[in-house]
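Colleague: These protein sequence lines map, in sequence, to chains A and B.
Heads up, the final residue of the first sequence is numbered 325 in the UniProt record's numbering, and it's a clean run with no missing numbers.
Heads up, the final residue of the second sequence is numbered 123 in the UniProt record's numbering, and it's a clean run with no missing numbers.
It should be emphasised that the hints constitute simulated quantities derived from the structure, not laboratory data.
Computed from a predicted model, the values in this text were never measured in an experiment.
Quick reminder that beta carbons are idealized off the backbone N, C-alpha and C, glycines included.
A couple of the hints might just be wrong.
Label pairs and their calculated CB-CB ranges [said to hold, decoys possible]: (1) B:Ser-71 <-> A:Pro-272: 25 to 33 Å; (2) A:Ala-187 <-> B:Trp-16: 53 to 61 Å; (3) A:Leu-103 <-> B:Arg-51: 37 to 45 Å; (4) A:Leu-17 <-> B:Gly-78: 37 to 45 Å; (5) A:Thr-137 <-> B:Ala-118: 15 to 23 Å; (6) B:Pro-35 <-> A:Ala-187: 32 to 40 Å; (7) A:Thr-137 <-> B:Leu-31: 18 to 26 Å; (8) B:Arg-72 <-> A:Thr-112: 40 to 48 Å; (9) A:Thr-112 <-> B:Tyr-50: 31 to 39 Å; (10) B:Arg-72 <-> A:Ala-187: 29 to 37 Å; (11) B:Tyr-50 <-> A:Asp-135: 23 to 31 Å; (12) A:His-26 <-> B:Thr-69: 28 to 36 Å.
When the alpha-carbon atoms are kept at most 20 Å apart in a straight line, the in silico DMTMM-like pairs for lysine to aspartate or glutamate are as follows [what the hints assert, rightly or not]: (13) B:Lys-52 <-> A:Glu-271; (14) B:Lys-52 <-> A:Asp-129; (15) B:Lys-119 <-> A:Glu-271.
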Amino acid sequence: MIVAAILFTYALLLCTLAPRLLRGAHWTQRAPRLGIVVWQVLGASALTAAVLAGLALTVPTVRVSADLAQLLQACVMALTAQYASPGGAAAGAAGAVLALAVLGRTAWCAGTALTRIRRERSEHREILDMVGRPDTTRGVVVLDHEEPAAYCLPGRHRRTVITTGALRTLDDDQLEAVLAHEHAHQAERHDAVLTWAQTLAHAFPRIPLFRTAEAEIARLVEMRADDVAAARSGRLTTAAALLAVAGGRTPAVALAAGGSTAAQRVHRLIEPRRPLSRMRIAAGSLTAAVALALPLLVVGGPAAAATQLNYCPDGTPSAQVTTTR
Amino acid sequence: MTQFGELEAAIMDAVWDAGKSLRVREVLERLDRDPEPAYNTVHTVTEILYRKGWLSKEKDGRAYKYGATKSREEYVAGLMDEALSVAGNRTATLARFVQQMQPGEAEELHRLLGQAVAKEASE
Numbered sequence: 001m002i003v004a005a006i007l008f009t010y011a012l013l014l015c016t017l018a019p020r021l022l023r024g025a026h027w028t029q030r031a032p033r034l035g036i037v038v039w040q041v042l043g044a045s046a047l048t049a050a051v052l053a054g055l056a057l058t059v060p061t062v063r064v065s066a067d068l069a070q071l072l073q074a075c076v077m078a079l080t081a082q083y084a085s086p087g088g089a090a091a092g093a094a095g096a097v098l099a100l101a102v103l104g105r106t107a108w109c110a111g112t113a114l115t116r117i118r119r120e121r122s123e124h125r126e127i128l129d130m131v132g133r134p135d136t137t138r139g140v141v142v143l144d145h146e147e148p149a150a151y152c153l154p155g156r157h158r159r160t161v162i163t164t165g166a167l168r169t170l171d172d173d174q175l176e177a178v179l180a181h182e183h184a185h186q187a188e189r190h191d192a193v194l195t196w197a198q199t200l201a202h203a204f205p206r207i208p209l210f211r212t213a214e215a216e217i218a219r220l221v222e223m224r225a226d227d228v229a230a231a232r233s234g235r236l237t238t239a240a241a242l243l244a245v246a247g248g249r250t251p252a253v254a255l256a257a258g259g260s261t262a263a264q265r266v267h268r269l270i271e272p273r274r275p276l277s278r279m280r281i282a283a284g285s286l287t288a289a290v291a292l293a294l295p296l297l298v299v300g301g302p303a304a305a306a307t308q309l310n311y312c313p314d315g316t317p318s319a320q321v322t323t324t325r
Numbered sequence: 001m002t003q004f005g006e007l008e009a010a011i012m013d014a015v016w017d018a019g020k021s022l023r024v025r026e027v028l029e030r031l032d033r034d035p036e037p038a039y040n041t042v043h044t045v046t047e048i049l050y051r052k053g054w055l056s057k058e059k060d061g062r063a064y065k066y067g068a069t070k071s072r073e074e075y076v077a078g079l080m081d082e083a084l085s086v087a088g089n090r091t092a093t094l095a096r097f098v099q100q101m102q103p104g105e106a107e108e109l110h111r112l113l114g115q116a117v118a119k120e121a122s123e
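Generate coordinates for the entire structure from the input sequences, incorporating the hints supplied.
Modeller: Shown next, in the form of structure tokens:
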């Protein structure tokens, strides 16, 4: 019961407090890759904590023993004890509902998102292969269109697409920056990162953590790809390429206050680069690792303490694995 | 690409460039491919395109004439709509190089970029 309460509080804090503390934090712009990892870890950690909290309510903690018969008996006794009282049974049922609901909802939303994305991509690719002109020297598909634009169709049969408008607007160096940006998206599988973030935001729309994480990750993957392009073609060239592609277009809808992401990205490239120090990257990575491990430790701690380490009936390797846990 | 992918694209190009419905024989004449594909191959692929909805067909005497159901520009416009769509759920399907900017932002950034370039050149 205490374990469940701790996990539940932890998940609640992550879901409400973490996005407030971390949203728009300036260091993520200086180390976008770490920022992406931290947002992903927070989401995964909150999800794990919620599921484990439900399971901890449902399944009573049992002394883990290497003797299977003894273990089963202990399990049955503990279960009977818990479910004999009406309060215990209610808590168990609530826990099971919580765990199943979180897991089921996530799996369902991930499944529908993957199906939809696969269908949309294959439809887009089929038309693209019919109306686009392959440019084999650059490894891109050229679309006859006035508007300067560049995008990539991720996945197994990936394509990088560029319009004739963009080819006319960009000089060779800028074009190289654009292509490096798109290749970075594909090499680091940013599409999968975004799909996962969108799935969580869609599955649990009222949870601030997932909403904020989706927006922040969408922003950070672009900045990460900009960094890759800038390392290849120079920061100012990349900024100029961004401006050339974005400048001529009028937005169809109003954008969020505080400037568009595109403008933030150009600003970031124009200003002198200030990457995060190694020390702070290490500290951030460590925090992420701890956040990821915390829910497992909370559950695993009491179980490990309950393990009878000195009992080893036959010395088979599998038994040793169980006992040295 | 499917087995006939390139031939499909070439046939659609021929029909689009003609700007009218064509018989299979006429399609074959307009295909600039080496080696020249067999009449039957072109006929088969044209029928595939009809079944996929790219071509329409109408009876013309004893043969059929095939015309494009939509112009190339319409298809391109559809792709661009998807590529430039600001709807969030598109971002996982496609990754665009750039999102839109607000009016006025671009001018300000052009000015800042000009300054930065000048500063770098003077150093």
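Colleague: Next step is simple, just say for each hint if it's right about the structure.
Modeller: Each hint, compared with the structure:
1. Remark: the range hint 25 to 33 Å for Ser-71 of chain B to Pro-272 of chain A is contradicted by a beta-carbon distance near 49 Å.
2. For Ala-187 of chain A and Trp-16 of chain B, the hinted distance range of 53 to 61 Å is not satisfied, since their beta carbons lie about 35 Å from each other.
3. Between Leu-103 of chain A and Arg-51 of chain B the CB atoms are about 42 Å apart, so this pair conforms to the stated range of 37 to 45 Å.
4. Distance hint check for Leu-17 of chain A and Gly-78 of chain B: the Cβ-Cβ separation is about 44 Å, which falls inside the suggested range of 37 to 45 Å.
5. For the hinted restraint 15 to 23 Å between Thr-137 of chain A and Ala-118 of chain B, the CB-CB distance of approximately 34 Å leaves it violated.
6. Taking 32 to 40 Å as the suggested C-beta distance range, the pair Pro-35 of chain B and Ala-187 of chain A conforms, at roughly 38 Å.
7. Checked against the hint of 18 to 26 Å, the C-beta distance between Thr-137 of chain A and Leu-31 of chain B comes to roughly 24 Å, which is consistent with it.
8. A hinted range of 40 to 48 Å is violated for the C-beta pair Arg-72 of chain B and Thr-112 of chain A, which are about 33 Å apart.
9. Here the CB-CB span from Thr-112 of chain A to Tyr-50 of chain B is close to 32 Å, well matched to the stated 31 to 39 Å.
10. The hinted range of 29 to 37 Å is satisfied by Arg-72 of chain B and Ala-187 of chain A, whose Cβ atoms lie roughly 32 Å apart.
11. Checking the proposed 23 to 31 Å range against Tyr-50 of chain B and Asp-135 of chain A shows it holds: the Cβ atoms sit about 29 Å from each other.
12. Remark: the range hint 28 to 36 Å for His-26 of chain A to Thr-69 of chain B is contradicted by a beta-carbon distance near 52 Å.
13. With a CA separation close to 51 Å, the supplied pair Lys-52 of chain B and Glu-271 of chain A exceeds the 20 Å bound.
14. With a C-alpha separation of about 14 Å, the suggested pairing of Lys-52 of chain B with Asp-129 of chain A holds against the 20 Å cut-off.
15. With a CA separation close to 12 Å, the supplied pair Lys-119 of chain B and Glu-271 of chain A stays within the 20 Å bound.
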